[in-house]
Structures are given as structure tokens and as C-alpha cells.
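Novice: Below, each chain spelled out in residue letters.
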Amino acid sequence: MTTPAVKMMMVYVTTPSKEVAMTLARTTVAEALVACANVIPGVTSVYQWKGKIEEDQEHVVILKTVESKVEELSSRVRSLHPAETPCFVAVPIDKISSDFGEWIVNSTKATNTQ
Amino acid sequence: MTTPAVKMMMVYVTTPSKEVAMTLARTTVAEALVACANVIPGVTSVYQWKGKIEEDQEHVVILKTVESKVEELSSRVRSLHPAETPCFVAVPIDKISSDFGEWIVNSTKATNTQ
Amino acid sequence: MTTPAVKMMMVYVTTPSKEVAMTLARTTVAEALVACANVIPGVTSVYQWKGKIEEDQEHVVILKTVESKVEELSSRVRSLHPAETPCFVAVPIDKISSDFGEWIVNSTKATNTQ
Numbered sequence: 003m004t005t006p007a008v009k010m011m012m013v014y015v016t017t018p019s020k021e022v023a024m025t026l027a028r029t030t031v032a033e034a035l036v037a038c039a040n041v042i043p044g045v046t047s048v049y050q051w052k053g054k055i056e057e058d059q060e061h062v063v064i065l066k067t068v069e070s071k072v073e074e075l076s077s078r079v080r081s082l083h084p085a086e087t088p089c090f091v092a093v094p095i096d097k098i099s100s101d102f103g104e105w106i107v108n109s110t111k112a113t114n115t116q
Numbered sequence: 003m004t005t006p007a008v009k010m011m012m013v014y015v016t017t018p019s020k021e022v023a024m025t026l027a028r029t030t031v032a033e034a035l036v037a038c039a040n041v042i043p044g045v046t047s048v049y050q051w052k053g054k055i056e057e058d059q060e061h062v063v064i065l066k067t068v069e070s071k072v073e074e075l076s077s078r079v080r081s082l083h084p085a086e087t088p089c090f091v092a093v094p095i096d097k098i099s100s101d102f103g104e105w106i107v108n109s110t111k112a113t114n115t116q
Numbered sequence: 003m004t005t006p007a008v009k010m011m012m013v014y015v016t017t018p019s020k021e022v023a024m025t026l027a028r029t030t031v032a033e034a035l036v037a038c039a040n041v042i043p044g045v046t047s048v049y050q051w052k053g054k055i056e057e058d059q060e061h062v063v064i065l066k067t068v069e070s071k072v073e074e075l076s077s078r079v080r081s082l083h084p085a086e087t088p089c090f091v092a093v094p095i096d097k098i099s100s101d102f103g104e105w106i107v108n109s110t111k112a113t114n115t116q
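Protein chains in written order, with the working numbering: chain W, 3 to 116; chain V, 3 to 116; chain E, 3 to 116.
Calculated from the structure, these hints are not laboratory results. A couple of the hints might just be wrong.
Because identical chains share one entry, a pair is satisfied inside a single copy or across any pair of copies.
[As the list claims (entries may be wrong)] Simulated crosslink set (BS3-like; lysine-lysine; CA at most 27 angstroms straight-line): (1) LYS9 with LYS111; (2) LYS9 with LYS54; (3) LYS20 with LYS54; (4) LYS52 with LYS111; (5) LYS9 with LYS20; (6) LYS111 with LYS54; (7) LYS9 with LYS52.
Here chain W stands alone, though its shape is the one from the complex (with noise of 0.2 angstroms):
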């Protein structure tokens, strides 16, 4: 366990189906843009536009990576996704298991094998 010597971040993105989850995850994670991803089904999400609450079914993907991939990741995320502004935010990373660690800055090195 370390705080890690390179600034990691887990980002919080939404989408609106299974289907943008899934191929947002793959396509960042086989771009080495990210180390993995984690996509949970089910949520529900509540905003108001123009005045009104709206609420959409969502699958809402968590992505962990170094944050000096963070800038390109959001450009790539923005390129895959349906919505005009996409929710899309970093929280740091202060604590992580030093292999792990070790193993998000090897897995977002890595040239695209696919």
C-alpha cells in the first residue's frame, strides 16, 4: 500500500445504454488509455433540462488510469459517446496497492495489441 509516486484517477462517466458502456470500456481499455473499467448496470439518473427533471435509465462507467492520460481519455470518451456534454469527472486516487499501481502504469503504457 503507497501513495502513488504517479498521479492516478478513477473517472466517473454515464451512458446512456449497455451497448455505449461496454464499447466505451473496450475501446479505452485495448487503447491503453485506461487500465480497466468497471460498468454498473441499473441506475437511474435525475437532472433538469430546460426547466424540467428529466430521468433516463443509465450505465454509469468507472475508469481507473494515470491522470497524464486523463486529457486524451476525455477527448476519446467525448468521440464514442451519443451526448452532447457527457458527464465526465476525475477524483484522485491518494492510497492504492502498490502492485496495482504498478500494474495501471504498465497497462496504460502499453501500445494497442488488438
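Since chain W is already given, all that's left is putting chains V and E on it; use the hints.
Specialist: Frame of chain W, contents of chains V and E only:
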């Protein structure tokens, strides 16, 4: 993609039912205390109470807002939540896509139009 | 609502089954390594392993605790987890409702009464 100029947070709340979760999501969105809410169903909570391990079925509510609303949000959640000591924790947003960040700022400025 | 005087964290762990998730939740609560655990079912994980994209069904466990317990928690999770390199990442809690914060501090002080 940017480091938000206005400090923003993801707030994590647990609730005992879908009804409480949705009331909390709809009310805080309608009152512009948060820009959006995501409700995650089917969560099992484990904790210790008076020396016994308890397990409850819960819905998690994740709320995205500006830091300046968190105090008021906390009071509102408490008023809507049946528990004496609801789980209310906020984690910092370090990076956000620029337009989504602007949308959060604007959505939490809005007066309630409901 | 307050900035916690004692530093606190949300720890995010992925597990390969409900059984592992619940054992991990119950054990770390019983041993006062965490105040509470939330188990999220039905999560699909995507990652790259030896040049291939892999997909697993997982349960996410979210643990709330004081920072001073995270090192020991990390070792305990490793001893209970079947993976060689479990996902164990901790994000900081910046704000918390005062009484819930106190409850976390007290719950992680308690000796195991099980």
C-alpha cells in the same frame, strides 16, 4: 477537460429504499442543490451496530454539485432521510470536461422552476 | 457538515463473486478496520491481460474508514481476496456530515466484539 475553477464534489449518500433515493434525487435537483443525481440499486450495506453485524438492502445516490452547495445539501438530505445518522460523504472532483463543469455551475445557480 | 479532523477515505475494491465481496465486507467491519461496507452487484470489469481484452463479472465493495486504518485494511483485503493483484484504491473524503464522521471514528476504534 480542465481542473474546475469552481471547486466541485461528488457526494455519496446511502438510502434504505428506492423511494427515499428517488425523492432525495428529485428534490435536490429541483431545488438546484445539485446538477444531477445517479441512483444505484441493489446495494448491500454491512456495518456494526451495538456489537452486532447488520446487513441492509440500500440504494446509493451519487450527487454532483459545486462545493458551495454541499453544506445546504447536507441539511436537505438530512431532512429527507429517515435515518438518524445518514451516510453523507463528499469526494473532490479534480478534473472535469469543461462543458460538463459549466453545466454543473449553471444548474446549481438556477432557481427552482418546479 | 464538516471537513473531517481525522482524515478519512473511501476504499474501492473489486471482487470476483458475491461470496468474496460479503466475506470481505463482514470481516473488515467485524475487525473494525472499516465502519461500513457497500457491496454493488452486477458489475462488468474490462481489462487487458497478456494482450487480450478480458471481461469478468464482479462485485464492487466500497469501504469507509479512517486513513490510519488503510494500510492494515489493504493487507487484510489481500489475505481474503483470491486475486494476485486485487484492485484496491482509496479516494479522499473532503467533507462529511459531522455525526457520520464521528461514527466512522468510533466504529474503527472498537475492538472486535464478534
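Novice: Report the numbers of all earlier hints that the structure fails to satisfy, in ascending order.
Specialist: Checked against the structure, the only hint that fails is number 5, while the rest are satisfied.
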